[in-house]
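The listed protein sequences correspond, in order, to chains C and V. Residues 1 to 114 in the working numbering are what the first sequence spells out, letter by letter. Residues 115 to 228 in the working numbering are what the second sequence spells out, letter by letter.
Just so you know, these hints were derived from the structure itself, not from any lab. Virtual Cβ for every residue (Gly too), placed ideally from N, Cα, C. Careful, some of the hints might be misleading.
Said to hold, decoys possible - One side of the interface only, derived from the structure: several residues of chain V facing chain C at Cβ under 10 Å:
1. Val118
2. Tyr146
3. Gly157
4. Ser163
5. Val201
As the list claims (entries may be wrong) - Under the rule of at most 20 Å between Cα atoms (straight-line distance), these lysine to any residue pairs were calculated in the SDA-like manner:
6. Lys119/V to Gly58/C
7. Lys210/V to Thr114/C
8. Lys13/C to Ser101/C
9. Lys170/V to Arg96/C
10. Lys210/V to Ala87/C
11. Lys170/V to Ser101/C
12. Lys210/V to Arg96/C
13. Lys210/V to Gln56/C
14. Lys26/C to Lys170/V
15. Lys210/V to Ser101/C
16. Lys119/V to Lys13/C
17. Lys119/V to Asn59/C
18. Lys119/V to Leu39/C
19. Lys168/V to Lys26/C
20. Lys26/C to Glu156/V
21. Lys26/C to Phe179/V
22. Lys210/V to Lys26/C
23. Lys119/V to Leu95/C
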Amino acid sequence: DAGVTQSPTHLIKTRGQQVTLRCSPKSGHDTVSWYQQALGQGPQFIFQYYEEEERQRGNFPDRFSGHQFPNYSSELNVNALLLGDSALYLCASSLRGGSYSPLHFGNGTRLTVT
Amino acid sequence: DQQVKQNSPSLSVQEGRISILNCDYTNSMFDYFLWYKKYPAEGPTFLISISSIKDKNEDGRFTVFLNKSAKHLSLHIVPSQPGDSAVYFCAAKRVKTSYDKVIFGPGTSLSVIP
Numbered sequence: 001d002a003g004v005t006q007s008p009t010h011l012i013k014t015r016g017q018q019v020t021l022r023c024s025p026k027s028g029h030d031t032v033s034w035y036q037q038a039l040g041q042g043p044q045f046i047f048q049y050y051e052e053e054e055r056q057r058g059n060f061p062d063r064f065s066g067h068q069f070p071n072y073s074s075e076l077n078v079n080a081l082l083l084g085d086s087a088l089y090l091c092a093s094s095l096r097g098g099s100y101s102p103l104h105f106g107n108g109t110r111l112t113v114t
Numbered sequence: 115d116q117q118v119k120q121n122s123p124s125l126s127v128q129e130g131r132i133s134i135l136n137c138d139y140t141n142s143m144f145d146y147f148l149w150y151k152k153y154p155a156e157g158p159t160f161l162i163s164i165s166s167i168k169d170k171n172e173d174g175r176f177t178v179f180l181n182k183s184a185k186h187l188s189l190h191i192v193p194s195q196p197g198d199s200a201v202y203f204c205a206a207k208r209v210k211t212s213y214d215k216v217i218f219g220p221g222t223s224l225s226v227i228p
């Protein structure tokens, strides 16, 4: 039973560039959430996708956008990268966003912006 | 505003003794609480959860206690083992609100000394 998979594992980008991160949810899950984890902090909620729509959004600018595909996989796009966007980006999947289903996380994508 | 707080950034415990990790929350609408464990270079792993209708939930060596009136929960690990050394995140959500996000605390780094 495959868990949550994220790609790539590591990424180095230059300030001002754009990046796309990818996530495949755990088998049987239909909801994908994205989190940003800066060094020494807890995961910060970016947004959640269910039925290919953004259902909830955290306090992140419009430079952060996403998409969910019919097979439940998801992408996170960040435009006009800033040095402060350097962080671990975590994808988490669950079953039905409003349920008691806990989040299952991937191992993350470490993004470094130089 | 930090809705989930973990006021101890770190904790050291001798192997075999009890580890107690604490968490406070400010939003009285939260009705589902979770603990996650994170090793370096891995995503957070779900440990144990509790709904607001209970005050205790046990799973093996892990027990979570919830005090709704104090808006406080704690995770007890007995006995502590060196493999328990990791960062522990407390998290909360409102299940009754569809698609609500899971909010994480900043984490407590636990070191279990052999």
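- Starting from lysine 13/C, check that the Cα of serine 101/C is at most 20 Å away, please. It is violated: about 35 Å lies between the C-alpha atoms, which goes past 20 Å.
- Holds or violated: lysine 210/V to threonine 114/C, with C-alpha atoms at most 20 Å apart: Since the Cα atoms of lysine 210/V and threonine 114/C sit roughly 42 Å apart, the hinted pair is violated (cutoff 20 Å).
- CA of lysine 210/V to CA of alanine 87/C, is that 20 Å or under? 31 Å, violated
- Item | Given hint lysine 13/C paired with lysine 119/V - CA-CA distance at most 20 Å | 33 Å, violated
- Query: Is lysine 210/V close enough to glutamine 56/C, meaning Cα to Cα at most 20 Å?
  - Reply: Distance ~14 Å between lysine 210/V and glutamine 56/C Cα, so the pair holds.
- Message: Need the status of pair lysine 119/V, glycine 58/C: alpha-carbon distance at most 20 Å?
- Response: Holds - the C-alpha atoms of glycine 58/C and lysine 119/V are around 18 Å apart, at most 20 Å.
- Message: Can you verify the interface hint for valine 201/V: is its Cβ closer than 10 Å to any Cβ in chain C?
- Response: 9 Å, holds
- Task: Please work out if lysine 170/V and serine 101/C have their alpha carbons no farther apart than 20 Å.
- Result: With a Cα-Cα distance of about 18 Å, the restraint between lysine 170/V and serine 101/C holds, given a limit of 20 Å.
- Are the Cα positions of lysine 26/C and phenylalanine 179/V separated by 20 Å at most? Violated. Lysine 26/C to phenylalanine 179/V sits at ~29 Å, over the 20 Å cutoff.
- Message: Quick check on tyrosine 146/V please, does its C-beta sit within 10 Å of some C-beta on chain C?
- Response: Because about 6 Å separates tyrosine 146/V from the closest Cβ in chain C, which is inside the 10 Å limit, the hint holds.
- Query: Do the alpha carbons of lysine 119/V and leucine 39/C lie within 20 Å of each other, as the hint requires?
  - Reply: Holds, because 17 Å separates the two Cα atoms, which is no more than 20 Å.
- Message: So if I understand the rule, the pair passes when the alpha-carbon distance is 20 Å or less; does lysine 26/C with lysine 170/V pass?
- Response: 28 Å, violated
When the structure is compared with the earlier hints, violations turn up for hints 7, 8, 9, 10, 14, 16, 19, 21, 22, 23 and for no others.
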